[in-house]
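So the sequences go chain by chain: A and B.
Residue 75 in this note's numbering sits at position 75 of the first sequence; the count goes up by one each step and never skips.
Residue 152 in this note's numbering sits at position 152 of the second sequence; the count goes up by one each step and never skips.
It should be emphasised that the hints constitute simulated quantities derived from the structure, not laboratory data.
Only true hints are included.
Some chain B residues judged to face chain A by a derived CB distance under 7 Å, without partners named:
#1 D189
#2 K269
#3 D398
#4 S402
Glycine included, each C-beta is placed from N, C-alpha and C at the ideal position.
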Amino acid sequence: MNQRRSRFQIHGWLLLMPAAIFLIAFTYYPTLATLAKSFFSQGNAIKPSRFVGLENYEFLITDEVFWKVVGNNVIYAATTIPISIALALLMAVWVNGRLPMKSLVRMSFFTPTVLPMIAVANIWLFFYSPDIGLIDQITSSFGIASHNWLGDPDTVLGCIIVITIWKEAGFFMIFYLAALQTLSPELEEAARLEGASRWYYFRRVMFPLLMPTTLFVLINAIINSFKLVDQLFILTKGGPDNASSLLLYYIYEVAFSFLDQAYASTLTVVLLLALAIIAIGQFVFLDKKVHYR
Amino acid sequence: MLTTLKHKAGKLTIAAALGLGMASSASAVDLTMYYPVAVGGPLTKVVDGMVEDFEKANPDINVNAIYAGNYNDARIKALAALKSGEPAQTSVMFSIDIYELIEQGAIVPFDDVVETADEKAWLDGFYPALMENGKTRDKTWGIPFQRSTIVMYYNKDAFRAAGLDPEAPPATWDELVEAGKKLTKKNGDTVEQWGAMIPSTGYPYWMFGALAMQNGQTLMNSEGNETYFDAPATVEALQFWQDLGNKHGIMPTGTVEWATLRQNFLEGKTAMMWHSTGNLTAVKKDASFDFGVAMLPAQKRRGSPTGGGNFYIFEKSTPEERKAAMKLIRFLTEPERTAQWSIETGYLGTRPDAYSTAELTQYVQDFPPAAVARDQLEFATAELSTFQNGRVRKLLDDAIQSVLVGDKTAAEALGSAQKQADRLLKNYR
Chain A
1 MNQRRSRFQI HGWLLLMPAA IFLIAFTYYP TLATLAKSFF SQGNAIKPSR
51 FVGLENYEFL ITDEVFWKVV GNNVIYAATT IPISIALALL MAVWVNGRLP
101 MKSLVRMSFF TPTVLPMIAV ANIWLFFYSP DIGLIDQITS SFGIASHNWL
151 GDPDTVLGCI IVITIWKEAG FFMIFYLAAL QTLSPELEEA ARLEGASRWY
201 YFRRVMFPLL MPTTLFVLIN AIINSFKLVD QLFILTKGGP DNASSLLLYY
251 IYEVAFSFLD QAYASTLTVV LLLALAIIAI GQFVFLDKKV HYR
Chain B
1 MLTTLKHKAG KLTIAAALGL GMASSASAVD LTMYYPVAVG GPLTKVVDGM
51 VEDFEKANPD INVNAIYAGN YNDARIKALA ALKSGEPAQT SVMFSIDIYE
101 LIEQGAIVPF DDVVETADEK AWLDGFYPAL MENGKTRDKT WGIPFQRSTI
151 VMYYNKDAFR AAGLDPEAPP ATWDELVEAG KKLTKKNGDT VEQWGAMIPS
201 TGYPYWMFGA LAMQNGQTLM NSEGNETYFD APATVEALQF WQDLGNKHGI
251 MPTGTVEWAT LRQNFLEGKT AMMWHSTGNL TAVKKDASFD FGVAMLPAQK
301 RRGSPTGGGN FYIFEKSTPE ERKAAMKLIR FLTEPERTAQ WSIETGYLGT
351 RPDAYSTAEL TQYVQDFPPA AVARDQLEFA TAELSTFQNG RVRKLLDDAI
401 QSVLVGDKTA AEALGSAQKQ ADRLLKNYR
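Let the sequences and hints guide you as you build the complete structure.
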């Protein structure tokens, strides 16, 4: 009996092993190694790495660039998340209805998602460039003076945000569209018979039923607002003067341009903590408000 | 079950080890080399072709040349390969990576590898300006390979239209401003053609190195442990750069994008641009107007930093491998091959004797702009390169951009950059 049980256990563990090995090798070990590394100094051939306790974290608090990119990231998240979700919902409701050439419209909304971000950024680079860019050529035909969109710290972050929304909304639209098609048409009919306005139907019936999708999309949008930095490599490299730099891009810079992996680890730990807090908040508070069927 | 698995795994490892051993004993020396490509064009083909020629001439050396992306990628890949124990014996990397590579203990000086008088003569045969970024602590660590300087491209048609002599491009800062004012064309509030553009994204510190040098000031010492960001001449140079936009109105205010600048020039949106010689072939191909190439203008003197990639030899290599690497590097920098490389890419010929080859003499005669970068070498200086290079460079980049967008004054921004650079570099003094 005992032997049989232990054999079962071995079987169980063997079945778990492939997934466990990958999780440990690519998720848990790197996370712990990053945490450990953040307490050490960056070593080199002359000075080996040594334990410095919280010194890296003290530097982080006084690091102006860090606070600047955190501020940028908050603005970036606070604008891209709600706008791209709202836009996605609007587009989904629109292309879900009776519409001539419906699939063509759907496809054109979805196209930005399929394009690689690097290619997209290269195209937008020429949209934004002063004088010769598309935007300036359009505005100049109305007699508006040209503007250096990416070279002005007041507009550069806005430009990055617009690209992100343009790229993400179509992706989220697909999820809303799928959810909308599962809603039974009787609900709408019933609402109409009861004399409910379309806005009332949307607010009290459709939107609550879409809540699980909204939660899923929201989580994706939040992750992306920290993760999506590809466009910075092409468009601005975080400039001018860090006006468009985001946290993940700064981590990349510190790790691979400054070759300071210790400090990069410290920044990564902060990013992980922030994401963990957001995730916990979402699951604890939002989950209760979501209506699952 | 588990034991049989282990058994099999053991057998496999032994077989794999044997296989690898046999592969490497087939030829006398295996070399792995990483190289970056930073400008457009089919450069990988050119490099692969040259490496093939080398292997034909040296059948006992087997070279594995790996294209590794841009300069930053190449450094990351080479250092990662070294750390993981993968053998790479030599690489082309950014010339300004030298201090970081020394600090990591990754490279050996060529003085330790060079033996014969013939080899010493070869080492002394490069342009001194190009060696500046490869030399420190009285030793030579990098051999110039794909190198460039900044030159001024100008639109001769626009010069004619503005009543300027197209064969006399501005040679001083004052002339630049004067010509720029004549060349700036306005239609109401919108500018149809700017006088000049100096790119300030991508590599602002590089462009600034030119302005500072022209004002008689280098940005750092040759030990790489001191910067001169807040020297009065440096501040003046940055002030001048800002004035081009704010005071003289011949350049857009804010930053000027590196990546789209060539397009701006080709579409006639700017009459002059400062850019790398690496763009020469592309501009030559696409320009629909008559264009010229000139040395950068002077204030106290002429000046431009050099740029580009050097050959390094890694510390983790056997004496035989180092010798083979030396052979490869010498082969690739022979006058004829340097000439061929320069013609096909637009990069500088790194040695005076390359310019006396028949091929390059002919090419320069047919296309005089190709000689401007060479002639400018006489006034060239090292590109900004220090210990903690990534950070120090970014400090300067941020300072330059914050002044150009009007957030800070030149003295303020450079003073704070210098203070932070001092904090980073004091450990190396």
